[in-house]
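Could you build all of it, start to finish, from the sequences and the hints given here?
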Amino acid sequence: MFKVLYNEKIAPGIYKMVIDAPLIAAKAKSGQFIMIRIDEAGERIPLTIADIDGKNITIVYQAVGVTTYKLAEKKNREFVSDVVGPSGHATDIRKIGTVCCVGGGVGIAELYPVAKAYKNAGNNVIVIVGARNKELLIFKKELELLGVEIFIITDDGSIGEKGFVTDVLKRVMNSGKKIDLVYAVGPGVMMEAVSNLTKSRAIKTLVSLNTVLVDGTGMCGSCRVQVGDETKFVCVDGPEFDGHLVNFKELKIRQGLFVEQEKHACKIRGIPVI
Amino acid sequence: MKKQTAKERIRNFKEVALGLSAEEALKEASRCLFCKKAKCSANCPVEIDIPRFINAIKNRRFDEAIRIIKEKNNLPGVCGRVCPQENQCEDACILNAKKAPINIGGLERFVADYELQHILRVEGIGHEALGHKVAIIGSGPAGLTCAGDLARMGYKVTVFEALHTAGGVLVYGIPEFRLPKEIVKKEVKYLEFLGIEVKTNFIVGKTSSLKDIFEQGYKAVFIGTGAGLPSFMNVPGENLNRVYSSNELLTRVNLMKAYLFPEYDTPINIGKKVAVIGGGNTAMDSARVSVRLGAEKVYIVYRRTENEMPARKEERENAKEEGVEFRMLTLPTGIIGDEKGFVKSMECVKMELGEPDDSGRRRPVIVKDSEFIMDVDTVIVAIGQNPNPVFLKATPELALNKWSKIITDPRTQATNIKGVYAGGDATEGDDTVIAAMGAGKRAAKAISVYLKNEK
Chain W
2 MFKVLYNEKI APGIYKMVID APLIAAKAKS GQFIMIRIDE AGERIPLTIA
52 DIDGKNITIV YQAVGVTTYK LAEKKNREFV SDVVGPSGHA TDIRKIGTVC
102 CVGGGVGIAE LYPVAKAYKN AGNNVIVIVG ARNKELLIFK KELELLGVEI
152 FIITDDGSIG EKGFVTDVLK RVMNSGKKID LVYAVGPGVM MEAVSNLTKS
202 RAIKTLVSLN TVLVDGTGMC GSCRVQVGDE TKFVCVDGPE FDGHLVNFKE
252 LKIRQGLFVE QEKHACKIRG IPVI
Chain X
53 MKKQTAKERI RNFKEVALGL SAEEALKEAS RCLFCKKAKC SANCPVEIDI
103 PRFINAIKNR RFDEAIRIIK EKNNLPGVCG RVCPQENQCE DACILNAKKA
153 PINIGGLERF VADYELQHIL RVEGIGHEAL GHKVAIIGSG PAGLTCAGDL
203 ARMGYKVTVF EALHTAGGVL VYGIPEFRLP KEIVKKEVKY LEFLGIEVKT
253 NFIVGKTSSL KDIFEQGYKA VFIGTGAGLP SFMNVPGENL NRVYSSNELL
303 TRVNLMKAYL FPEYDTPINI GKKVAVIGGG NTAMDSARVS VRLGAEKVYI
353 VYRRTENEMP ARKEERENAK EEGVEFRMLT LPTGIIGDEK GFVKSMECVK
403 MELGEPDDSG RRRPVIVKDS EFIMDVDTVI VAIGQNPNPV FLKATPELAL
453 NKWSKIITDP RTQATNIKGV YAGGDATEGD DTVIAAMGAG KRAAKAISVY
503 LKNEK
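Line by line, the protein sequences are chains W and X. Quick note, our numbering runs 1 ahead of the 1-based positions in the first sequence. Quick note, our numbering runs 52 ahead of the 1-based positions in the second sequence.
The set of hints was computed from the structure by calculation and includes no laboratory data. Nothing here was measured: the structure is a model prediction, and the numbers come from that model. Heads up, some of the hints might be wrong.
Each computed BS3-like pair below joins lysine-lysine, with the alpha-carbon atoms no more than 25 Å apart [said to hold, decoys possible]:
no., chain 1, residue 1, chain 2, residue 2
1, X, Lys457, W, Lys233
2, X, Lys309, W, Lys75
3, W, Lys30, X, Lys251
4, X, Lys445, W, Lys71
5, W, Lys268, X, Lys324
6, X, Lys309, W, Lys268
7, X, Lys445, W, Lys233
8, W, Lys233, X, Lys454
Computed beta-carbon distance windows for the label pairs [stated by the list, open to error]:
no., chain 1, residue 1, chain 2, residue 2, range
9, W, Gly271, X, Phe284, 36 to 46 Å
10, W, Asp168, X, Ile388, 37 to 47 Å
11, W, Met2, X, Met53, 47 to 57 Å
12, W, Leu246, X, Pro288, 50 to 60 Å
13, X, Ile388, W, Asn175, 51 to 61 Å
14, X, Thr252, W, Lys76, 49 to 59 Å
15, W, Ile97, X, Leu405, 50 to 60 Å
16, W, Asn175, X, Asp427, 33 to 43 Å
17, X, Lys54, W, Met2, 39 to 49 Å
18, W, Gly98, X, Gly412, 57 to 67 Å
Over the 10 Å line for every Cβ pair with chain X, so calculated as not near, a few chain W residues [unchecked claim]:
no., residue
19, Glu9
20, Gly14
21, Lys28
22, Lys56
23, Thr68
24, Glu74
25, Gly164
26, Arg202
27, Ile204
By construction, the Cβ of each residue, glycine as well, lies at the ideal position given by its N, Cα and C atoms.
Written as structure tokens, this is what we have:
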């Protein structure tokens, strides 16, 4: 059993949870994830570690299905049955020059530790974050505290510019500044758009993929994704891959495998279907 | 042994084989000739004194019988159900010459269930506490056996398990209808009673490294990390939706109880016509799970013939009784998807048997111009798996063979690292539950010798 120290809504439908997990906190690095199972009947789902503080880890999630709804209902000092990790490869952090960190939606929480680590390694970090609107823009304060250049963009222009993250990225790329790496995490369509944009200029691009996982230890192959000519497993080979090689079309299809089942489960529990 | 009828059992996940009654067990035990030089025991990978335990049954001393089995085997409820007895003890039974061999598996299961029902507690052998801490990585059959034997010798044993529950392949792989999870749970409880500690949600290689384990004071380590990483066929269309590895199907259904969805949260999405690729026990399990999940047509697609199939005869027969159709000498060459990315059909070619290969089985070769399409909407790939990569990647100093299996000394299960032993599917050869248990046993003996010499 793992103790939930904190679980609060930080934006409409988006929650931040701090879990007492000293063994995981001791080893976790930016880019890694945990598997969580809430209770005996629960599903195992992956969540990226958004922050590590002493013995605690922070995860940020959007309540979009049965498991994340159940998670949102957890009160401070209640328990979740299982938490395991840290899994996946950590981000390869080193000094490379200028790193452009692009995050969208709930992915901004996953972007934060990576941007922080690149900054601490001595890189010039540019952060571009996008959300549907002002209310849904998370981790603004945390990112501002990093003291790096930040661009905010929303679909409706309620904060920052109006448009998409790729609009800003294009501008930064055209500004004459040499970008050594683009790191993108967020919805599949966003990562795909970013990868397509950077490919034209051959700027190395890493994307952090979110697929369906079961065990999360390389055993089931549920998370397989085509990268270049090879099939890779997100849980043990990833979650980060070369964005120019990922087959995003296939990724999108595979994410839809259980949509009907999920809708059904939401319906019978009275959870709004997204 | 009585079974649920096929008609009945295809609609539930309850155990198929119903076990022997006390009367049936007594009757079966009384058929035993109690050979002086018992070939059955000699053929048992964990060396159970079979005539002695059967004699105890014959004398109605069921508690004595289980005690005799537990001198050698800490998981009799498991072994009585999933051991391939027909290739081991029962194959060696002298009665084979005239009539049916003794149903040794059935008798083992009977006394194991008797113990579990009566909550008898067979104590350890009674060694004094030896103090040394031993770490076991993975709680499958190899790890649990090694742990149990070491605990009985008096060592302090911790088993590290990556998943949320102990048992490894016994809980994620073998279906409920062949091995009820309640049995595994009780066997693990028994091992805990012997003194082992199980730490679930702990991935050695991630949560801690092998080095950390030694630094925490463990003096020896047994690696039983098992198979992982499923093999795929490398044919076009394998990443389409509703193509699963057998590992994924079985993990969803067995470990996560997807057959109880939506009461349980983990879903499974299979169609009406399922092709299971492969000829092993895992393929049979996958096919029989698919039947129970409501598939209307389930095929076993295998590139050789039934004679070459590694699956147990009993499992093949069970599958056929449940309506599974065998499509032999058939090799899938591609999977075709619909516009939404779901399986629509499967391309195959016909095979014929040629000259024997390295395994002694006749090599299947493609029949020219024999392409055809199978009308299926779900494909389960059950063609084997590679060792779990997580621990191995984190431990590059461990010597592996070209198939990434840990190289061990077959007598002691020792690896190239001092104090580190390995067995089961993570190593070469131990491809059944009982073979893995045999390796766990050999390792336990060797570890105890090693620790005594280290003093």
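Hints versus structure:
1. X/Lys457 <-> W/Lys233: Roughly 20 Å separates the two Cα atoms, so the pair holds.
2. X/Lys309 <-> W/Lys75: Between X/Lys309 and W/Lys75 the Cα gap is close to 23 Å, so the pair holds against 25 Å.
3. W/Lys30 <-> X/Lys251: At roughly 23 Å apart (the allowed maximum being 25 Å), X/Lys251 and W/Lys30 satisfy the hint.
4. X/Lys445 <-> W/Lys71: 34 Å, violated
5. W/Lys268 <-> X/Lys324: Roughly 24 Å between the alpha carbons, so the hint for W/Lys268 and X/Lys324 holds.
6. X/Lys309 <-> W/Lys268: Within the cut-off at roughly 20 Å; holds.
7. X/Lys445 <-> W/Lys233: Given pair X/Lys445, W/Lys233 holds - Cα atoms ~15 Å apart, limit 25 Å.
8. W/Lys233 <-> X/Lys454: 20 Å, holds
9. W/Gly271 <-> X/Phe284: 36 to 46 Å: Holds: the Cβ-Cβ distance is about 39 Å, inside 36 to 46 Å.
10. W/Asp168 <-> X/Ile388: 37 to 47 Å: 39 Å, holds
11. W/Met2 <-> X/Met53: 47 to 57 Å: With a Cβ separation near 40 Å, W/Met2 and X/Met53 fall outside 47 to 57 Å, so the hint is violated.
12. W/Leu246 <-> X/Pro288: 50 to 60 Å: Cβ of W/Leu246 to Cβ of X/Pro288: about 18 Å, so the range 50 to 60 Å is violated.
13. X/Ile388 <-> W/Asn175: 51 to 61 Å: At roughly 44 Å between Cβ atoms, W/Asn175 and X/Ile388 fall outside 51 to 61 Å, so the hint is violated.
14. X/Thr252 <-> W/Lys76: 49 to 59 Å: For X/Thr252 and W/Lys76 the Cβ distance comes to about 24 Å; the hint is violated.
15. W/Ile97 <-> X/Leu405: 50 to 60 Å: 57 Å, holds
16. W/Asn175 <-> X/Asp427: 33 to 43 Å: 53 Å, violated
17. X/Lys54 <-> W/Met2: 39 to 49 Å: 41 Å, holds
18. W/Gly98 <-> X/Gly412: 57 to 67 Å: With Cβ atoms ~59 Å apart, the hint holds.
19. Glu9: 23 Å, holds
20. Gly14: The claim holds: W/Gly14 sits with its nearest Cβ about 19 Å from chain X, beyond 10 Å.
21. Lys28: 7 Å, violated
22. Lys56: 14 Å, holds
23. Thr68: Given that some Cβ of chain X is not farther than 10 Å from that of W/Thr68, nearest at about 6 Å, it is violated.
24. Glu74: Fine: 14 Å to the nearest Cβ keeps W/Glu74 off the interface.
25. Gly164: Per Cβ check, W/Gly164 is outside 10 Å of chain X; nearest 30 Å; holds.
26. Arg202: Since the minimum Cβ distance to chain X is about 29 Å, W/Arg202 lies beyond 10 Å and the statement holds.
27. Ile204: 27 Å, holds
Hints 4, 11, 12, 13, 14, 16, 21 and 23, counting from the list given before, are not met by this structure.
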